[in-house]
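Can you make the complete structure from the sequences, with help from the hints?
In the order they appear, the protein sequences are chains A and B.
So that you can map any letter, position 4 of the first sequence is 37 in this note's numbering, and since no number is skipped, the others follow by simple counting.
So that you can map any letter, position 293 of the second sequence is 1178 in this note's numbering, and since no number is skipped, the others follow by simple counting.
What the hints contain is simulated information worked out from the structure, not anything from laboratory work.
Result set (DSS-like, lysine-lysine): computed pairs, CA atoms no more than 27 Å apart in a straight line:
id: 1; chain 1: B; residue 1: Lys994; chain 2: B; residue 2: Lys1022
id: 2; chain 1: A; residue 1: Lys79; chain 2: B; residue 2: Lys1105
id: 3; chain 1: B; residue 1: Lys1197; chain 2: B; residue 2: Lys1180
id: 4; chain 1: A; residue 1: Lys79; chain 2: B; residue 2: Lys1104
Which stretches of chain A does chain B cover? Using the computed rule of at least three CB atoms under 8 Å from a CB of chain B, they are:
id: 5; stretch: 49-61
id: 6; stretch: 67-74
Just some of the chain B residues that point at chain A, by a computed CB distance under 8 Å:
id: 7; residue: Ile962
id: 8; residue: Ile965
id: 9; residue: Leu1042
id: 10; residue: Phe1044
id: 11; residue: Ala1067
id: 12; residue: Pro1112
id: 13; residue: Thr1116
Since this is a predicted model, take the numbers as computed values, not measurements.
All C-beta atoms, glycine included, are put in the ideal place defined by N, C-alpha and C.
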Amino acid sequence: MELVKVDIGLLFWMTLTFSLLLFILGKFAWKPIMKMLHEREDSIEKALNAAEDAKKEMLKLKAGNEQLLLEAKEERDALLRDARKVRESIIDEARLKANEEANRIIENARESINYEKMAAINDLKNQIAAISIEIAEKLIIQELSDKDKQHQLTEKLLKEVKIN
Amino acid sequence: MENFSNIALPITRGLMIRKLLIEHKLRVALLGLFLMFAFSLQATENDTITSPEAGVSEHSAEPASEEKGFNAGEMIIEHIIDSHEWHILTWKGHHVSIPLPVILLDEGKLVVFSSAHFHHGEEAYQGYKLEEEGKNKGKIVKVNEDGTVNEEAKLPLDFSITKAVLSLFIGAILLLVIFLTAARRYSANPNRAPKGIQSAVEPLIIFVRDDVAIPAIGKKKYKKYMPYLLTIFFFIFLNNLMGLIPFFPGGVNLTGNLAVTMVMAISTFLITTFSGNRSYWIHIVNTPGVPWWLKIPVPLMPVVELIGLITKPFVLMVRLFANITAGHIILLGFMSLIFIFGSMSPWIGVAVSPVSILFGVFMSLLELLVAFIQAYVFTLLSAIYFGMAVEEHHHEHAAEHESH
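This is the structure in structure tokens:
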């Protein structure tokens, strides 16, 4: 056996062993290993993509939330503004109504006061008339107690009538 | 300009190979020197033994070598070539070795017996003998009734389970165990992080796929070639590493056997040839972008291309063989220095040993690297050849452009 020489025996065994090795490894080792590696790479890639998507979704969701919050705030502000307006309008209306009511009440009071005043004045007039008649009666009674004076008065009254 | 762009594509591909070759040029030159050194040692040793002592009894060989003292060339060659027994050590003149089965096909007759019957080449058995000298040294030859070598008879075909064959089987079994276990693990827990043996082999598998197959062949077609590329890569890598283990079951220079590298090179060649597409063959028969007078009347380019077709696997075969064999020779050479100097004087041997060991360790580390690089280079070049065979060229269109 020399160094630079091809031995037929080794050549034969090598061909046999190498073919068998190629066949067995190819069928039972490389095929499943390559398949699994490929699948794993795929699944990792998918998982990474999914994570990326989830991240994006989260960001979107966050942005949406913020938007929602902003909108809610605006709505609240609007509501508050409206409420304030409504309150003011209610107050104004109430004030108006109250004024009206007050005016009406005052008017009524004034009317009744006038009425009472007129009644009082009438009453007073009647009383004054009564008192005057009484006074006149008493005066007349006193005057007419003496004949001269009755005569004088009658004359005077007649005179006045004549003039008329 | 058109012309240059046409050949630019194969050139960029070729650059990759050329770079690799340049890297190896220096190494190969060094290896050549060492190989020559080893051969000359072997040759001189053969001369000295054969001339005076031809035909003397079998026992004379051993004492003769003992008298001569340590013979580095013989030792190195004995270590790196194949043998019919697995020699482990020699203790006080006794050889401790694993006998291996001898299988001979002699004129259509199958003969099987243990190599132990040869008693390390000292005895003949069933009319066969392990030749120890001459041109058939190390081979099994037929002997006559009186015990002399039958010179006329044809050598029997030797299909013995030699040291290299056993090592090949061990390597194959190891590969099967490792990768079938790994494959089972992959199937058992899919889509999980690799564990145990998976973690050990996965980076290499990914390396072969992503850095060898895909760049060389292309993403579309690489899948078909992955089983072959992975098999040769791990076969070469594992057996290179096994060869670096200095004792049983390693230490066999398996990938430094031409028969072994030849089978792989021929496999690569066959796969390349059978997967060659139309443009690949057009490229060989009628190389585009080359002046017509290089093809007609003397088909110079086709001949060159055909030679290239043959050289590719040949170079694959020789490169792996030479690199691994040279690595073994250099390592053994450094170790031999201790004994060469030791045979002058034991003290010199002791003095030299640290240097030798230091160089030996350095070479071993280098060989670890080489074990990987050679597996890588063989796989990469195979992948590049496959890539060339399946590549879609567009030379036809370019040629049309030129004619318009």
